[in-house]
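Given chain C's structure and the hints, the job is docking chains S and E with the ligands onto it.
Protein chains in written order, with this note's numbering: chain C, 313 to 597; chain S, -4 to 247; chain E, 10 to 332.
By construction, these hints were calculated from the structure, which means they are not laboratory data.
Heads up, some of the hints might be wrong.
As the list claims (entries may be wrong) - Not close to chain C: a few residues of chain E, all C-beta gaps over 12 Å, as computed:
no.: 1; residue: V152
no.: 2; residue: E158
no.: 3; residue: W213
no.: 4; residue: P241
Stated by the list, open to error - Derived, one-sided and incomplete: chain E residues facing chain C with beta-carbon distance under 7 Å:
no.: 5; residue: H81
no.: 6; residue: V84
no.: 7; residue: R111
no.: 8; residue: Q112
no.: 9; residue: I114
no.: 10; residue: Y115
no.: 11; residue: M118
no.: 12; residue: L119
no.: 13; residue: F129
no.: 14; residue: L290
no.: 15; residue: F291
no.: 16; residue: G294
no.: 17; residue: L297
no.: 18; residue: M304
no.: 19; residue: G306
Glycine included, each C-beta is placed from N, C-alpha and C at the ideal position.
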Amino acid sequence: MELFFFQLLNGLGLGVIYFLLSVGLTITFGLLNFVNFAHGAFYMVGAYVTFVIVSLTGNFWLALLIAPLVIGALAIALEQSVVKFSYVLEHKYQILVTLGVALMLQELVIMIWGPIGKNVSPPSSLAGIIEIGDFIYPKYRAFVITFSALIAIVVWWGLEKTKFGALVRAGSENAQMVGLLGVNITRLFSITFGLGGLLAGLAGVLAAPLRGADPFMGVEALGIAFIVVVIGGMGSFLGALVGGLVVGVMQSVMSSVWPEGASLMVYAAMAAVILSRPRGLFGRA
Amino acid sequence: MSILTTNRLTKRYGEFKAVTDVNLDVQPNTLHAVIGPNGAGKTTLFHCLTGVQRLTSGRILFDNKEISKLGPEKRSSLGMSRSFQVTSLFLEMTVRENLQIAALGVSSIDGFRFWSSSASTVKKTAAAVDYALETTGFENRAETIAGDLSHGQQRMLEVGMALAQQPKLILLDEPTSGMGVDDIPMISNLVRRLTKDITVLLIEHNMGIVLEISDKITVMQLGQILVEGTPDQIKNDQRVREAYLGGETEDA
Amino acid sequence: MSLELKHCPILIAIALAAFLVLPSISLATEVLIFAIIALGCSILLGYAGLLSFGQAIFFGLGAYVASLSQIHLGVNFLVGLLIATAAGAIVAALVGALAIRRQGIYFVMLTLAFTQLAFFISYTLDEWTGGDNGLLDVPRNSVNIFGYEIAIDSSEKFYAFVAISFVLIFLALLRITHSQFGRTLLAIKQNEERATALGYSVKWYKVLAFVFSGSITAYAGGMYALFLNFAPLSNVELIMSEHILIMAIIGGTGNVYGAVLGSLFLVVVGDMLSAFWERWLFMLGGILILTVFYMRGGLISGLYGVFEFLSQKLGSASTQKES
Ligand SMILES: Nc1ncnc2c1ncn2[C@@H]1O[C@H](COP(=O)(O)OP(=O)(O)OP(=O)(O)O)[C@@H](O)[C@H]1O
Ligand SMILES: [Mg+2]
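Chain C extracted, bound-state conformation:
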């Protein structure tokens, strides 16, 4: 029972990271109708930037502050230089362009840091465990859950309560309409793309102390993000949250029952959802 609870918590921790990873992908899809195969690379580079900052300064908090901004800037730079030219293309070509971008980022990372992964240690203030009665849990993981939950609330607030969020939601319903309202739609697109990248980068920062940084985590993350987005429903914020938690918990619990089957299960779930309910749990029709 205790073990199950432990795994459940781990799953939640994983799930909130998955949420951060996926929310940008789902929103850019909703708003831009754009499929970004380079999204996983933001997560990976986020982990590497964390590695650099932590090994230079020894300060994880600095990384938590700076790395997401760096990735957000990277995302906007990519949007401006490559991605925006592919909005007019068919999905097929968008996929190929962003696949090229992902490949370049991955190889660039290997050129700089080598193919072997790097370890990132959690901040010393979060090393060790917390005890609640008999129950013990690593401090850092507890931090990840709390912090990501806060970020999720901020993102939700941003989407629901700000003018920017209203535009994003309206834009994902009907981009032309928003354009007619006199809003600079291309600006809106690139800011959204940047914020999506920033959140994926943040997920990378939080994941780094848990699993290190390695060049292939981007591909893995992209797969996970697709599963989350598909299960939750493309374009849906709530879907990304619920989908992230479902996938995180499913993986974590399965990994103690049938480790090899964990990934098999989630991909089977993804295929089943697309075939039976392509809108996912919360997607628009």
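Just chains S and E with the ligands now, with coordinates in the frame of chain C:
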């Protein structure tokens, strides 16, 4: 003996009723026009008749066969072809290739022939393709890429595609839409000539044409049939004047 | 018949040239095998318009089935390859029939999910597939016909076998792409709605395209395993699907010879570059982007462009001389 009848044909998009309880009766070798203001449900009716959209309820009898459950591919092999309101061609192919593909669509196997050259497969379509080329006046432009045609020519090819299938019943959805005034008579003459051999169901906004060439006119409004009758009856019907002609003047 | 007469010499010339020009025979073998694999991808992408991340499934399946048939069934290599091809056809029909139930991005996602499933299934079934280590020591059992023994025990013989397969498969696919079926696929790619309205059962055309694609990819996968004497797990990885796609696209998917160029480019340039620049894939990513933006038709269309340019130049030069 009717060639096409529908019984309480109904199509809903979600809650919205696009077509409600339409009973249509089309006689062979006639030109039957469907008119009505924008959004009346004319195109939706065609989509249901040709199987592009599934009906919500009702029945369709074509050539004495119940076809309401058949997919679009089955219906064209039974002898029902259509043109689209929004031009829909194979833009990277030549006029001739477009017509050949159309002509072979009625056979359920010819398109699958993967071991003999397409040149030998399309031989059997020569008559149908020539007929379509001739009727639509494309003899000299058969090798032009469809995407390079002018808008008016593309509209013409749109009709040609349906003709190349040598159907018993042809459904034309606003063949003149977007055409220049000079080209319109060409289409109306063509449509009139067609009834010698086949049956034509025509959606058309140009009242002049419709009143001039139709045998029977069905007026639709808000998804339902408002009136039905000969051009003379329709011309003098008060309800049509109010609903349709009134709407028309507002539009203009 | 004229089709075969025209292309057979070209294909034989390509196979001979690969043998004579390329620095090693194993490189030449690899080029021809991957040309077949790229061709399998072109059928889907260039003709049916289907961007699939599923090619690794058929490639890996072919490799495993051919290898297992050599190890456990002891059948000769030809029979082994035929079993692999049949398995590829069947699985491609299943994968295709499921995947085409969705369109656009959902189709892509389904093929991606299926590849990941195939990978994790292969990983889990390690008693059969060797899991992470792959299937080692795959033999090439010789063929026995009326007492004659045909073995492909040297790299030259193996190359000859691959070259014959290459020529035959390309000829077959040329026939298919020049058939009415090939043209119908192009029509469906250009305007699916119209094709349906005209009476084509679009679904079955796509499934059949999958079957052709999957079966030749599995055949090539089988040859690749026999070539390496090894069937690694990486055959079924998503990255393999990506590489196959990139190969086909860079070469050009609208023409069977594009597949040769794509394979040549990836295998040979990759081999040369990786000797002194291990991260040459970086460049590949860039080339992929440039191809999408500036040369949709791939290298083959560039090559045709150059030919046309030259022939125009030569043509005008010769007419000038005459006048
Ligand atoms: N796929 C759809 N989903 C929801 N509503 C639809 C759909 N297609 C059409 N409609 C609606 O159904 C109604 C009838 O449309 P339809 O295209 O049949 O009209 P129409 O008579 O052909 O008009 P027009 O003369 O403008 O071509 C319209 O209000 C339209 O907005
Ligand atoms: Mg209409």
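A quick look at each hint next to the structure:
The Cβ of V152/E lies farther than 12 Å from every Cβ of chain C, with a closest approach of about 38 Å, so its non-interface assignment holds. No Cβ of chain C approaches the Cβ of E158/E within 12 Å, the least distance being about 42 Å, so the stated non-interface status holds. For W213/E, the condition that its CB be more than 12 Å from all CB atoms of chain C holds, with the nearest at approximately 18 Å. Residue placement check: P241/E keeps its beta carbon more than 12 Å from all beta carbons of chain C (closest about 16 Å).
Taking 7 Å as the C-beta contact cut-off toward chain C, the hint placing H81/E at the interface is violated, the least distance being around 23 Å. Checking V84/E against chain C by beta carbon gives a least distance of about 30 Å; that is not within 7 Å, so the hint is violated. With its C-beta approaching chain C no nearer than about 6 Å, R111/E sits inside the 7 Å limit, and its interface hint holds. Restraint check, Q112/E versus chain C: the minimum CB separation of about 10 Å is more than 7 Å; hint violated.
Against a cut-off of 7 Å between C-beta atoms, the interface hint on I114/E holds, since the closest Cβ of chain C lies about 5 Å away. Below 7 Å, beta-carbon pairs count as interface contacts, and Y115/E has one with chain C at about 5 Å; its hint therefore holds. With its C-beta approaching chain C no nearer than about 6 Å, M118/E sits inside the 7 Å limit, and its interface hint holds. Interface restraint check for L119/E: the shortest CB-CB distance to chain C comes to about 5 Å, inside 7 Å, so the restraint holds.
Interface hint at F129/E: satisfied, since its Cβ lies 4 Å from the closest Cβ of chain C, which is below the 7 Å cut-off. With its C-beta approaching chain C no nearer than about 5 Å, L290/E sits inside the 7 Å limit, and its interface hint holds. About 4 Å separates the beta-carbon of F291/E from the nearest beta-carbon of chain C, less than 7 Å, and the hint is met. Interface hint status for G294/E: upheld, as the beta-carbon distance to the closest one in chain C is roughly 3 Å, under 7 Å.
A distance limit of 7 Å between C-beta atoms decides the matter here; for L297/E the minimum to chain C is near 4 Å, and the interface restraint holds. For the restraint placing M304/E at the interface with chain C, the shortest Cβ-Cβ distance is roughly 12 Å, beyond the 7 Å limit, so the hint is violated. Taken as an interface hint, G306/E does not check out: its beta carbon lies about 13 Å from the nearest beta carbon of chain C, beyond 7 Å.
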